[in-house]
Amino acid sequence: MSLLEVRDLKKHFPIRTGVLKRTTGWVYAVDGVSFDVEKGETIGLVGESGGGKSTVGRTVLRLTPATGGSVIFEDIDVMKASHSDLKKLRRDMQIVFQDPYASLNPRMRIRAIVGEALKIHDIGTEAERKTRVSELLETVGLTAEHGERYPHEFSGGQRQRIGIARALALNPKLIILDEPVSALDVSIRAQVLNLLEDLQDEFDLTFMFVSHDLSVVKHISDRVAVMYLGKIVEISDSKVLYDHPQHPYTEALLSAVPIPDPHTERSRRRIVLEGDVPSPANPPKGCVFHPRCPRAQEICTTAMPRLVATPGADAGERHQVACYFPARFTGGQRRVDDAPFKDALPQEQD
Amino acid sequence: MAERLLEVKDLSTQFFTHAGIVKAVNGVSFTLDRNETIGIVGESGSGKTVAALSLMRLIPDPPGKVVEGSLMLGDRNLRTISDDEMRAVRGNDIAMIFQDPMTSLNPVMKIGKQIGEAITLHQDKSKREAWKMAIDLLARVGIPDAPKRVDQYPFEFSGGMRQRAMIAMAISCNPDILIADEPTTALDVTIQAQIIDVVREMQAQFNSGVILITHDLGVIAEIADKVMVMYGGRTVEYGPVDEIFYNAHHPYTWGLLASLPRLDASEKERLTPIKGQPPNLITLPAGCPFTVRCPYRRAECRDTWPELEIVGAEHGVHCWVPEEERQGLRVQLPHFKESVL
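Chains as they are written, first to last, in our numbering: chain A, 974 to 1323; chain B, 16 to 356.
Since the hints were derived computationally from the structure, they do not count as laboratory data.
Here the structure is a predicted model, which is why all the values come from computation and not from measurement.
There may be inaccurate statements among the hints.
[Stated by the list, open to error] Computed list of lysine-lysine pairs in DSBU-like fashion (alpha-carbon distance at most 30 Å, straight line):
| hint | chain 1 | residue 1 | chain 2 | residue 2 |
| --- | --- | --- | --- | --- |
| 1 | A | LYS1061 | A | LYS994 |
| 2 | B | LYS163 | A | LYS1212 |
| 3 | B | LYS125 | B | LYS147 |
| 4 | B | LYS163 | B | LYS142 |
| 5 | B | LYS290 | A | LYS1258 |
| 6 | B | LYS290 | A | LYS1103 |
| 7 | B | LYS283 | A | LYS1212 |
| 8 | A | LYS1146 | B | LYS283 |
[Unchecked claim] Among the chain B residues that face chain A by a calculated CB cut under 10 Å, a handful are:
| hint | residue |
| --- | --- |
| 9 | GLY60 |
| 10 | ASP203 |
| 11 | VAL204 |
| 12 | ALA208 |
| 13 | ASP212 |
| 14 | ILE238 |
| 15 | ALA273 |
| 16 | PRO293 |
| 17 | ASP318 |
| 18 | TRP320 |
| 19 | PRO321 |
| 20 | ILE325 |
[As the list claims (entries may be wrong)] Incomplete in silico selection of chain A near chain B, CB under 8 Å:
| hint | residue |
| --- | --- |
| 21 | GLU1021 |
| 22 | ALA1090 |
| 23 | ILE1093 |
| 24 | VAL1189 |
| 25 | PRO1233 |
Note that the Cβ used here is the ideal one computed from N, Cα and C, for glycine as well.
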C-alpha cells in the first residue's frame, strides 16, 4: 500500500471582480491530478510557474481545501478528516517552504520556532522539549546555542536548516519540500540537498520535492512528475524520464536547461518552445500543451489525453505519459508514431 | 586584433555604512572586446552586480563610492567624465538590462513610450518616429503583434515579454556594450532559452560586447567566451570559458563546479558542497576572502592577497597554493577526473 494516494485532485481558485466580489471565472491551478507516493521514496514535482506544483503540495496537506478529488494518507482521507483527525495527520505530514526569510517569525527565538509544534501537540515536559529542540538543531547541522538567537542572525542556508528542523520536530512520515533550495546560493544549496538525503536515510522519511529546477529534481528524486497547467503530463522513474522523455513538453524542458559544460553545450540541440505558458484561468481546449507543441495535430485540440503507460516500450508500466504522439523508445531507438496513441484517447463515461 | 571596447583596472567600490565599510568590489580588472561575451560568475554578495553598477556610475552615493580604479571606455575614463557626458554614455555606449523586468519598467507608462523615451533622449528623433522605432524594436526582439503590444502597459506583458521589452530598450541606441545582470534568473527555463537566443542574435547584429552577470554556470557554459569568477568582492580567477570549466586553478572555482547537481549526470552521485557560510563583507580578511571556507588554506592566505599568477593564455588566478600542488589536487577532484583535456 502506498503512503499517499492522490486521486483526481482539483483546486480551482475563484476570480472575483467588482464591488460585490462576484466570481467571474476560475483559475484551474490543479485540474485532475493523480499519483501515489511510496514509503521512503522521493517524488519530484517539476514544471514551470503556473503549473500547479506548489498548489498540489498545499492541497495535499489541506492547507487550502481542495475543489475535488481525494487524498488518502495511510487509509485516512485527508480531505474529509475531522478537526482532531487533521491535527493527528499534521504530525505525520510536514512542509518546508521556499522562502527562508518569510517562513520564520522574526520575533521568535529559534528555540521557540522549532519547539512550537511540540508545544501545540503537547509533547513532553518543558525540559524534555528543550532537549529535543537542541537535538533537532544538531541534527540539521546547527548547535544548541543557536536556539537562543533570532532569525535575522542567520544566513539563508542556516534559516532553511531551521525550517527543516521545525518540520522534523514531530517525527513526520512525509515532508513536502516546496522549492526548499531555490533561494539559496549554489555552494549552500549542495549542503542542504546533502542534509535532506542524510535525514531521509536516518529517519526513513518520504519526500515530495516541488521545484522548477530540473537538475536539482533529477538529483534528489526517485520518481518525477512533470506538471503543465494543472495537469501531470508525464510521470516516471527519475532516470528513465531524463534519459527517455516521451512527452514533447518534458523533452523541451530538459533541452532548455543549460548544462555547466561548454563542450556539451556546443553540441546540444535545443528545442526552443514558442510563446509563454498560457494563463491557468483560461487553459487551452484539448491538450493543455497543444498551442506550444511542435508535434500538435488536429486531435490534440479536441480533448486532454489520458495519463497512461505506453506499452511495448522499454520504459515499462511505471512510465506514464499524457500525449497522443509520445516518443517511444524500443531498444534505444526513438520514434514517434503517425497515428495517435489509442490508449490516451478519453474513455467514454459509463 | 580585436577591437577593445572596455578596460577596467583595479576597480574598488565600497559602501560606508553604520556597521562599517563594506568592501563590495576589491581591485577588480577585466577587459571586453567587440563581439565578445564575458561572464561574471559568483554567489550573492560576491560583488558582481556592484561591479556592473560602478561601470554605469549607478552606485548610490552616499553610502557607496568607487574608491579606486580606472574604467576606460576607449579613451574616456568613466570615473572622471562629467555627469552630462556619463548620461550620454548610458544608452548610447553602454546599456544595461536587469534581473527583474517588472521593477525596472515604469508600471504606469506604455511600453512604446518607455522605449521611445530612451530614443528621443539620445537621438534626434520626434516622438512619432520614436514610437515607430519602438514597434520595430519590439518585433526584432521577437514580440508578436508588436504594433498592438507597443500600446500596452507592462502588467499586460508576461515575464519573458517584459525582459524582451527591456532588451528592446537597451538596444534602441545601438550600444557597443550590453550589460545583462541575471537577465534570466526570474524566468522559467523555456523562456530563459528564448531570452538567451535574443541576446545572442542582438549581439551578432550589433557586434556588441556583452557582460553577462549570473550565478548559473550552465548559462555561462552556453554563451560566455571568457569568465571571471568572483568571491567576496575579489576576482579569484579569470580565463577563457573552456579553461575555467576544464582547467580551473582556484579552489573556489573547483568548489562551485563540484557543488552543482547536473542534468547530464549518469549516476546519482553525492554532491560536494563548499563548507561554511557566505562571507560577511564587513569583516573580510585582508587576504583571500575564501580563506575560511577553503580546504587548502595555508598560513599566508588570511592576511595577504596573492598576486595575480598567469597560468595560461588569458588565464589568471589569485591563489597561494603553489601551481604544482594545485595540478596534483585538481586531478583528484571528481569533476576534473573525466574532463581532463
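These are the hints, each one checked on the structure:
no.	hint	verdict
1	A:LYS1061 / A:LYS994	36 Å, violated
2	B:LYS163 / A:LYS1212	45 Å, violated
3	B:LYS125 / B:LYS147	14 Å, holds
4	B:LYS163 / B:LYS142	17 Å, holds
5	B:LYS290 / A:LYS1258	50 Å, violated
6	B:LYS290 / A:LYS1103	28 Å, holds
7	B:LYS283 / A:LYS1212	9 Å, holds
8	A:LYS1146 / B:LYS283	24 Å, holds
9	GLY60	9 Å, holds
10	ASP203	4 Å, holds
11	VAL204	4 Å, holds
12	ALA208	4 Å, holds
13	ASP212	6 Å, holds
14	ILE238	9 Å, holds
15	ALA273	8 Å, holds
16	PRO293	6 Å, holds
17	ASP318	24 Å, violated
18	TRP320	21 Å, violated
19	PRO321	21 Å, violated
20	ILE325	21 Å, violated
21	GLU1021	4 Å, holds
22	ALA1090	26 Å, violated
23	ILE1093	31 Å, violated
24	VAL1189	5 Å, holds
25	PRO1233	4 Å, holds
Hints 1, 2, 5, 17, 18, 19, 20, 22 and 23 from the list above are not met by this structure, while the remaining hints are.
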